[in-house]
Amino acid sequence: MDFIFRILLIAYLQTIDLSSAVTEIKVGVLLMTSAPEPFDLRRIGPALDIAFEQSERRYGIKYNVFVHNYTEGTCPRQTTIGHYAELAYQQNIQAVIGPACSQSLDAVGRLAQYLKMPIISGVGDLIIRTGPEMYTTLTRTCYNLGKFSTSIMGLMREYNWRHIAVIYDVDYIFFELAGGNLVRDFHNDISMPRPLDLQFQASKHADPGSLLIEASKQARFIVIFCDAELLRTFMYRAYQLGMARGGYVFLTMELFPSDWLGYYTEFLRGDHMDAGVSKAYESVLILTLSQPNTTEYNAFADEVKMRALRDYDYDFGEQTVNYFVTAFYEGVLYLSEAFNRTLADGQNITDGLIVSQKLWNNTYPGISGTVAIDEVGDRRADFDFLDMTDPAMRTFVSVGTFKGSTLQYIPVLGVAIHWPNGLPIDEPICGYTGDKCIAKDNNTTLILAVTFVTIILVASAITVFIYRKLKFDSEIGKKTWLIPWDDVKLSKGEQGGSVLSRSRISMLAADGKMEEVIQHQLFTTVGNCRGNVVAIRDLKCYNIDLTRAVLMEFHQLQTMQHQNLARFTGACIEPMKCAILMEYCPRGSLQDIIENDDINLDWTFRYSLIWDIIRGMQYIQNSALKYHGRLSSTNCVIDSRFMLKLTDFGIPTVFLLERQVATKANETNINKLLWTAPEILRTYNNTLHCPVTYQKGDTYSFGVILQEIVLRGCPFDEMDYATEEIIKKVKAQPDKNIPFRPIVPMASCSKELHFLMQTCWSEEWEDRPNFDMVASSFRKINSGTKGNIMDNLMKRMEQYANNLESLVQERTNAYLEEKKKAVELLHRLLPPSVADQLEAGRQVLPETYKCVTIYFSDIVGFTTISAQSTPMEVIALLNELYTSFDTVIDKFDVYKVETIGDAYMVVSGLPRRNGNTHAEQIACMSLEIRQAVLGFKIRHLPGEALKIRIGLHSGTVVAGVVGLTMPRYCLFGDTVNTASRMESTSEAMRIHISSPTKLILDKFNKFWIEDRGEITVKGKGVMNTYWLTEQLEHLTD
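Going left to right, the sequence shown walks through residues -21 to -1, 1 to 1016 as mature numbering (1 follows the signal peptide of the UniProt record, and there is no 0) numbers them.
Hint data in this document are derived by calculation from the structure and do not stem from the laboratory. Quantities reported herein were computed from a predicted structural model and do not represent experimental measurements. One thing to keep in mind: the hints can contain errors.
Claimed, not checked - Using 20 angstroms as the maximum straight-line C-alpha spacing, the simulated PhoX-like pairs for lysine-lysine come out as follows:
(1) 875 <-> 829
(2) 556 <-> 468
(3) 730 <-> 519
(4) 183 <-> 759
(5) 458 <-> 448
(6) 870 <-> 985
(7) 415 <-> 196
(8) 556 <-> 519
(9) 651 <-> 708
(10) 916 <-> 926
(11) 708 <-> 730
(12) 382 <-> 458
(13) 982 <-> 829
(14) 643 <-> 519
(15) 126 <-> 284
(16) 5 <-> 41
(17) 651 <-> 710
(18) 183 <-> 605
To be verified - Simulated restraints on C-beta separations:
(19) 997 <-> 947: 18 to 28 angstroms
(20) 193 <-> 555: 50 to 60 angstroms
(21) 406 <-> 292: 52 to 62 angstroms
(22) 186 <-> 438: 22 to 32 angstroms
(23) 185 <-> 699: 38 to 48 angstroms
(24) 406 <-> 601: 31 to 41 angstroms
(25) 997 <-> 937: 16 to 26 angstroms
(26) 913 <-> 997: 38 to 48 angstroms
Using N, Cα and C, we set each Cβ at its ideal position, and we do this for glycine too.
Make the full structure from the sequences, and use the hints.
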């Protein structure tokens, strides 16, 4: 009867208008303001706002929200419990949403249990409940890291698999919890055989193959929990061990794509492992959280993105609305559903324990479908299983789904798992180790058969070994890498980057050591060899004995092929001429890029360069070469696509011989030792160390390169020591356990990168990581950018284009400024109209001007003045005089033709025709010049009065540009000669004019002109000339 009453009550409540019966609830929100993790307030806030509005419409629950977000940072935030206490005791909230960090939730959840307050979180995946008495008011709407076993068991039962091996990395708490709980659940399930528990530490375990071999002895279904890059190594070893032929199933976990652990479905790297890894991934299944793709969910995701940009100033961009956003949204719906059912059951909603557990071991509708909560308040999440159904396209699609609400695995209709060799069986017929097919009776026939087969196998192995050795020796003997020096053509003017940075050059120069700068600032010689542009690395040893060991080293160098290694073209081994020919990279060395202020190196660019070094060194250390041995920023070169490539590696015997020769000749470039590890410096030039020593020495060198990239300077750039002193301090045993290393401020880079740098240059070489470990650490540091080769390349090219654009703009502005100066100078030398024609590249043709007026003047007694003066005084006199003349002529429509010695020539009426005003302009100018001379004083002859004589004539001239090297604008015709005669027959401080000039001036009726009478003019005969005395208006004054 009580049950029927409840049903009727619920039906009645659903029929009434809830807006008139709204229940108000105080709820607190505890989230980080902004954080790199994908569950801060900027992302979660919009979803909560939608959920609060939905709750009021659907359930009649109106939330009074108190957002108590805490400052920016990363998980965990130890102060979170204080923020929660303020909400609980000051705001009197009835429930709390958040926090998101598992470590913060651990403390807040315990206090909420004490206060009996409902607490809902969409994360908290690292919290493992050890019993029902823990976190009695905490409900998690995300996945439960300790309950992957239910979904994996569902998959195994579908395909009749029972035996399982679990390999997991305990260096990471995420994998340790997931793997440990998976093993525990299988161990507690009596229907399943005991699982094989294989824990390992990625930072210390060298070979994943040993774990795979151990797992193969007990199971064909192998679970591997580790990051994406390490999984790739696991699968390559599986391929090498023959475990990728279809007999095994490998399951890994990628709950959602993230930069943190890598992208599990993107396994191609462009290296020698790609083919094997691609084959092995055909046997891989990936466990991932189900992502809804309904119309309702897509509309919800769009609404979240819109509100995030509008209300929280956050742009999702290309990011998807992640699982945590949905989990928090469904957490609010859980809280509303719990309050609603508590009211419907007639219970008190102030009893937080009742509200918290109202939907435990129950279901309710969510945006992603039916949400199931287990008996302790954890969500039973839905999982998808992904398989590479198309090996050719390498695409992963969902082949099955585990439904948390029904605890059942459901295959996707129409999509079959791609089995490389049919469905793998749980246990082979002969057992996991083949022991079930060996007969128990040890009869003679079996012994003979085994002996015969063993002999055949041993003989075959020996034959194959001998054949391969002979073939290898034949390949070595061919010496296809050997190139005659005559085949190498040096390029003129081509040089690569310096092996000494500008910072250290500046230091040496400041100490007065320019000879050392000249000695050590070496450049790469560039040449052409058989159609290839090559960088020529001259060896200081003049005779190399091509022993078998040396030939093998050159053969190894020839086989090294990687996108981050400069290609070995060949070598010249001739008496007195030994050189290595490598791929030429035109952008210079990494050191050149670091110290080129014109290139803006942002952290994306820097991380890309660091990644290139790491990938190249990984390839070297995993190859037969084992180590680089001379790693430095000068041996990292940049090609035309801004891809960094390592060079100067390999042939250790030859380089040791070169070092010994250079040391004996006292020609060692000590600056190259700045990247050398201390243990190698202490025995430098003595002998070759074991490969492990050089591998850890490469790690030290990488640490120094990191310092260069971080500070954009040379090694030890922050220290005011000479190179010899730096090397001496590094080589010395550390004082008080503090080795001498570069100084890098903590604020100059992230603390993770700073820690990696310090680890790389540890004093004890055993403490330094290898490059596989460096790659794993740097992947977490660089988690903000996706490690896609083309994306990185496009970012590099975009940054280079931006740098180039600003550089071009700067150079263009400088060019335009210089061009402006050149044009101004040209306009001073030539008339503007003529200069414009020359600048435009057009030919300036001679032109006839029917009537112009020409002015000539010279200094009376200039020869006497020159005799009394030094040449410098003469020049100063003429400069000062003609400067005053230039000031006068700027006021008139005239053009200064030239000055020759003390002669000064001006014309009016060309190149711009001005009617008859040319005579008037020249006349007025002459009178003003004469007036200026009256007040002129000779500085070095103050008692001497300067006097000039002036001559004017009007007539026809031809004008044109003469010459190419120093073009001059010249006037030709009898008018020029006559004007010159007027000046030479003039008198001191008088203006002598001809009849044609007088006739034109009479038209203006403004000048006082006196008749001089007839005079004899050389070359002209008798001429009637005149004196220009003054302007009439001046006489009137």
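Results of checking the hints against the structure:
1. 875 <-> 829: holds, 19 angstroms
2. 556 <-> 468: holds, 14 angstroms
3. 730 <-> 519: Violated, because 42 angstroms separates the two Cα atoms, which is more than 20 angstroms.
4. 183 <-> 759: Holds. Residue 183 to residue 759 sits at ~17 angstroms (cutoff 20 angstroms).
5. 458 <-> 448: holds, 16 angstroms
6. 870 <-> 985: holds, 18 angstroms
7. 415 <-> 196: With Cα atoms ~13 angstroms apart, residue 415 and residue 196 stay inside 20 angstroms; holds.
8. 556 <-> 519: OK: residue 556 and residue 519 at ~9 angstroms, within 20 angstroms.
9. 651 <-> 708: holds, 15 angstroms
10. 916 <-> 926: holds, 10 angstroms
11. 708 <-> 730: Roughly 26 angstroms separates the two Cα atoms, so the pair is violated.
12. 382 <-> 458: Not OK: residue 382 and residue 458 at ~64 angstroms, beyond 20 angstroms, violated.
13. 982 <-> 829: Answer holds: residue 982 to residue 829 is near 18 angstroms, not above 20 angstroms.
14. 643 <-> 519: holds, 11 angstroms
15. 126 <-> 284: violated, 31 angstroms
16. 5 <-> 41: holds, 9 angstroms
17. 651 <-> 710: holds, 14 angstroms
18. 183 <-> 605: holds, 18 angstroms
19. 997 <-> 947: 18 to 28 angstroms: Between residue 997 and residue 947, where Cβ atoms are some 26 angstroms apart, the hint holds.
20. 193 <-> 555: 50 to 60 angstroms: holds, 58 angstroms
21. 406 <-> 292: 52 to 62 angstroms: holds, 58 angstroms
22. 186 <-> 438: 22 to 32 angstroms: At 30 angstroms between Cβs, range holds.
23. 185 <-> 699: 38 to 48 angstroms: Given a distance of about 42 angstroms, which is inside 38 to 48 angstroms, the answer is holds.
24. 406 <-> 601: 31 to 41 angstroms: Holds - the Cβ-Cβ distance for residue 406 and residue 601, about 34 angstroms, lies within 31 to 41 angstroms.
25. 997 <-> 937: 16 to 26 angstroms: Holds - the Cβ-Cβ distance for residue 997 and residue 937, about 22 angstroms, lies within 16 to 26 angstroms.
26. 913 <-> 997: 38 to 48 angstroms: violated, 29 angstroms
Of the numbered hints stated above, those contradicted by the structure are hints 3, 11, 12, 15 and 26, listed in ascending order.
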